[in-house]
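Read top to bottom, the protein sequences are chains A and B.
So in my numbering, spot 25 of the first sequence is number 930, and the numbers just go up one at a time.
So in my numbering, spot 306 of the second sequence is number 318, and the numbers just go up one at a time.
You may find that some hints are simply not true.
Listed below are the simulated DSS-like cross-link pairs for lysine-lysine, each with C-alpha atoms no more than 25 angstroms apart in a straight line [claimed, not checked]:
| id | chain 1 | residue 1 | chain 2 | residue 2 |
| --- | --- | --- | --- | --- |
| 1 | B | Lys-14 | B | Lys-404 |
| 2 | A | Lys-965 | B | Lys-295 |
| 3 | A | Lys-965 | B | Lys-265 |
| 4 | B | Lys-15 | B | Lys-130 |
| 5 | A | Lys-936 | A | Lys-914 |
| 6 | B | Lys-15 | A | Lys-1005 |
| 7 | B | Lys-265 | A | Lys-983 |
Non-contacting residues of chain B with respect to chain A, defined by C-beta distances greater than 10 angstroms in every case (computed) [as the list claims (entries may be wrong)]:
| id | residue |
| --- | --- |
| 8 | Lys-31 |
| 9 | Glu-94 |
| 10 | Trp-134 |
| 11 | Leu-366 |
| 12 | Pro-377 |
Treat the hints as calculated values from the structure; they're not laboratory data.
This one's a predicted model, so the numbers in the text were calculated from it and none came from an experiment.
All residues carry an ideal CB built from backbone N, CA and C; glycine is no exception.
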Amino acid sequence: MASKEYAGKMLELDADGNLVNLNEWNEEVAKALAVEEGIESLNDRHWAVINYMRKEFTEKGDAPSIRKLTKESGVDTKELYALFPKGPAKKAARIAGLPKPKGCI
Amino acid sequence: MKKLVILGAGTAGTMMLNKLHPILNKDEWQITIVDQHETHYYQPGFLFIPFGIYTCKDVVKPKRDFFPSGTNVIKSEIEKIEPNENRVLLKSGQILGYDYLIVATGAKIDPTETEGMKEDLWHKNIFDFYTIEGACALANFFKHWEGGKLVINISEMPIKCPVAPLEFAFLADWYFTERGIRNKVEIHFVTPLPGAFTKPRASSILGDFLNKKNIKLTSDFNIARVDNETKKIISWDEQEVEFDVLVTIPTNKGDECIARSGIGDELNFIPTDKETLIAEGYKNIFVIGDATNLPSSKAGSVAHFQADILLENFMDVIEGLEPKAKFDGHANCFIESGFGKGILIDFNYDTEPLPGKFPLPGVGPFSLLEETKMNHYGKIMFRWMYWNFLLKGVELPIEANMSMAGKRL
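Let's have the full structure, built from the sequences with the hints guiding it.
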């Protein structure tokens, strides 16, 4: 199991590079993870997605798929890809401190 | 009389019928199977049709040939399942009550999910090979094609038989080489995945095969729309890929009757316990094959392994016991790699495809993640096994759960 420093703390990462302990996550950690994903600063729309994902995960136990995200978060597919280029569901989940969504096999 | 209803007479539904029919006491059980179609398609064979290796008649048989006598067969579309009333409403107006339900309604492509896909160029320059119509139309197109840009694109995961698009690329390389025009055909594999396949080791080995066969790979491409005028596919982040012929693997979805029943996810797949194969929230509903939302491959081999687990759990549940058998996500796929050779992969939820040997009593061993003639024969032989053993529920010498024997870590 690898660990790496984010926002001044050594954090444990799983095989996909996602946080192992959800409760080690905070907004500063999110910003550091975002930089690693090529997103220099997080705006309100980024946070809308991140917060929606964390809420979904707490309630359902799995990070939502892109389809679910666009249906329920109020951010459409086009914008989602602009916010989190390449793989929005995977990237947003990682920045939100969640494991990779099960749908991403 | 207790009533068992099986929805769908494809690979999974037919297998379950043939496994349960001889076991359940005829004086106590009435078994009904429902399907809207009369023809059974050997879907793994669709891949070979565009290249003239199989024709339409090689992949079809009447479904009734595989129903044991005494089965109540209903040919109708399904309107919806009412799980709280323990009944199924059919399009014909008929209402079927059940004590136990097995849902095997499968998955199918929906090209209308992508803007511009099913428009002017559909089945003219844009083809699928996941339907008999698409595969046959593509066979006709290829016969007269003189070359150009061939683009193979997966719209989004999950899809049925996730290795089929790669096999298509390998077979296209072989087919155009044989026709003497390979130098005029540019083959381009465009996928939303980060590499050639879903799992890391197989992805890297299969990626090398693409390279060796001069097939261009574009990964992380999530298609947003098709431009029919300029013949381009365009991703959500505005990457563009030009094509002369587009072979698409459109979005796969579960049956609409699942959406009408309100028991599916965003893609109409049914949330299912990944070990017991019981529908989440419903103790008397089992789900098998492509209809589930399981993180296993959507493939006939997976349905076959699930069938053994489902059978055990079904027999426990009807006796009032807890289901004990656990499905491990086992999949076993022969990958045609062209020029009379094939590659074999064997994996489950936790173990990705590994190199090594795959022992099979009486026939094997086959080589894993390696290109051999033996693996090609395995694939060709499988069609015969499918019609004669698998659909009829006959035991095959292969365990439902994956074995590590022969695999190299």
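Cross-check of the supplied hints:
no. : hint                  : verdict
1   : B:Lys-14 / B:Lys-404  : holds, 23 angstroms
2   : A:Lys-965 / B:Lys-295 : holds, 20 angstroms
3   : A:Lys-965 / B:Lys-265 : holds, 22 angstroms
4   : B:Lys-15 / B:Lys-130  : violated, 41 angstroms
5   : A:Lys-936 / A:Lys-914 : holds, 13 angstroms
6   : B:Lys-15 / A:Lys-1005 : violated, 41 angstroms
7   : B:Lys-265 / A:Lys-983 : holds, 21 angstroms
8   : Lys-31                : holds, 28 angstroms
9   : Glu-94                : holds, 24 angstroms
10  : Trp-134               : holds, 22 angstroms
11  : Leu-366               : holds, 16 angstroms
12  : Pro-377               : holds, 28 angstroms
Violation of the numbered hints given earlier is confined to hints 4, 6; the remaining hints are satisfied by the structure.
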